[in-house]
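Please put together the full structure from these sequences, using the hints given.
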Amino acid sequence: MKTKLLFSEKNQQRFYSVLALSLFMNFGFAQQVIGEFPTMDGGLEGQTATTTVPSIGSTGTPSETNWSVSSTSNSSVRTISDVPADARSGNFSFALAIAPTKTNTRLQAPTPVSPLFQVSTEYTIQFHYKTDTDPGSFLDGGIYLNSTSGGVASDITNAVPFVANTWTKGYSTITSGSTFNNLNWAVARLSTPTADEYLATVNFDDFVVYAGPYDETAPTAVTTASAYYTENAGTSTISWTAPANAADATNGLVGGGYVVVRYASMPAADNDPNQNGIYAIGNTTTNGTASLEGTVVYIGTNTTFDETYVSGSYYKIYAVDKAFNYSEEVTVADPTLGVAQNEISNLRVYPNPANDVLFIESNNQLIDVVSIYSLEGKEVLNINKVQNSVDVSSLTSGIYIIKITSNENVLTRKIIIE
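So for the sequence shown, the numbering used here puts the first residue at 75; every next one is plus one.
It should be emphasised that the hints constitute simulated quantities derived from the structure, not laboratory data. Warning: the hint list may mix true and false statements.
What the hints assert, rightly or not - Calculated lysine-lysine pairs in the DSS-like style (CA-CA distance at most 30 Å, straight line):
| hint | residue 1 | residue 2 |
| --- | --- | --- |
| 1 | LYS488 | LYS477 |
| 2 | LYS452 | LYS488 |
| 3 | LYS488 | LYS459 |
| 4 | LYS176 | LYS243 |
| 5 | LYS477 | LYS459 |
| 6 | LYS452 | LYS477 |
Claimed, not checked - Label-pair restraints from in silico Cβ distances:
| hint | residue 1 | residue 2 | range |
| --- | --- | --- | --- |
| 7 | SER150 | GLU453 | 51 to 57 Å |
| 8 | SER194 | THR240 | 33 to 39 Å |
| 9 | ASP206 | SER468 | 50 to 56 Å |
| 10 | LEU190 | GLY210 | 28 to 34 Å |
From a predicted model like this one, the values you see are computed outputs, not experimental measurements. C-beta: ideal position from N, C-alpha, C; glycine also.
Structure (structure tokens):
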């Protein structure tokens, strides 16, 4: 994704620190907190690992917190796994298979509480699945009601061609029935006309339901991002401005919110969470260049949050809609880009802004390497054994990051080229 990197000075935070600290502390929750039906816990991050997921059938009481299957005897595999390697996003995923001699089984999300499903309403059931044999028309998505004829399900459509043992995005768009009772779930259903036609185990993750047709359009990115921290209190406060169309029920963030990922070094443009990924705070992602690890530190609808200050941190901020489409990110960073405990002493970089030449006054220290990066994280200049100046005439006007290394000590600064 494209990256916009903005830095603020320390004094920007003074006005906001007390208010932000008191109102917007980010404590973190395992349960899903955004999405049109967040209690569904579509990333399964609020679940408990088990190989014996319970059933809720036609006479059972639906659960508002736990995933279930329609029948234990119809399910040869009914496992919630807490193994990151098995999951698409986060740590948890679900595995389901039809038992021999049976013809169907259902994976059932927790019953929504607020809001509730509405009758005669168009919904899209969207999830990612992985298996070794293409289920084709044997895999459906729907909203199912027991003890009535009001359940609706239909064959999934793959957003991309099926590839064995690779996560595939599938969805079904249906119109809910005209009758509802308290026995209702969003489901992924495996079913065959005759027994033993399809017995492969299917893994599921990133399950989401939203009103309206299938949506794969990313929302508009956040704006006016700023990063600042309360140095004395040891608190980082990250804030941003919502997209202008955030309140648009069709293309905005109604039912969505924001996800923030923290990195310990400057992330590249492709260091991102999974599109449509449903994470919990504390989950990690290693997508993209150099498999750089990022930690999810915020999920919610506020446009600011606090956490314990960690020197030198970078934060990618995403707007996320009700279908869990992620916007382009905006990246902010600790204003110090701090490695203060290891910083080069008595070093001066000037002028700033610069034109053709950037001078480095280093108090007779040998500069091993000077690297300059664009705001997208691309290295645009690299010079070894620098004496006291760097020719920057080849750079176009704009904002860059300069990284100076001397005897394993590092100094990183923002510079402007005119």
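Structure-based check of all given hints:
1. LYS488 to LYS477: This hinted pair holds, its Cα atoms lying about 9 Å apart.
2. LYS452 to LYS488: Holds, at about 14 Å.
3. LYS488 to LYS459: holds (21 Å)
4. LYS176 to LYS243: holds (26 Å)
5. LYS477 to LYS459: Judged against 30 Å, a Cα distance of about 13 Å means the pair holds.
6. LYS452 to LYS477: holds (13 Å)
7. SER150 to GLU453: 51 to 57 Å: Since the Cβ atoms of SER150 and GLU453 sit about 52 Å apart, the hinted range of 51 to 57 Å holds.
8. SER194 to THR240: 33 to 39 Å: holds (36 Å)
9. ASP206 to SER468: 50 to 56 Å: holds (52 Å)
10. LEU190 to GLY210: 28 to 34 Å: holds (32 Å)
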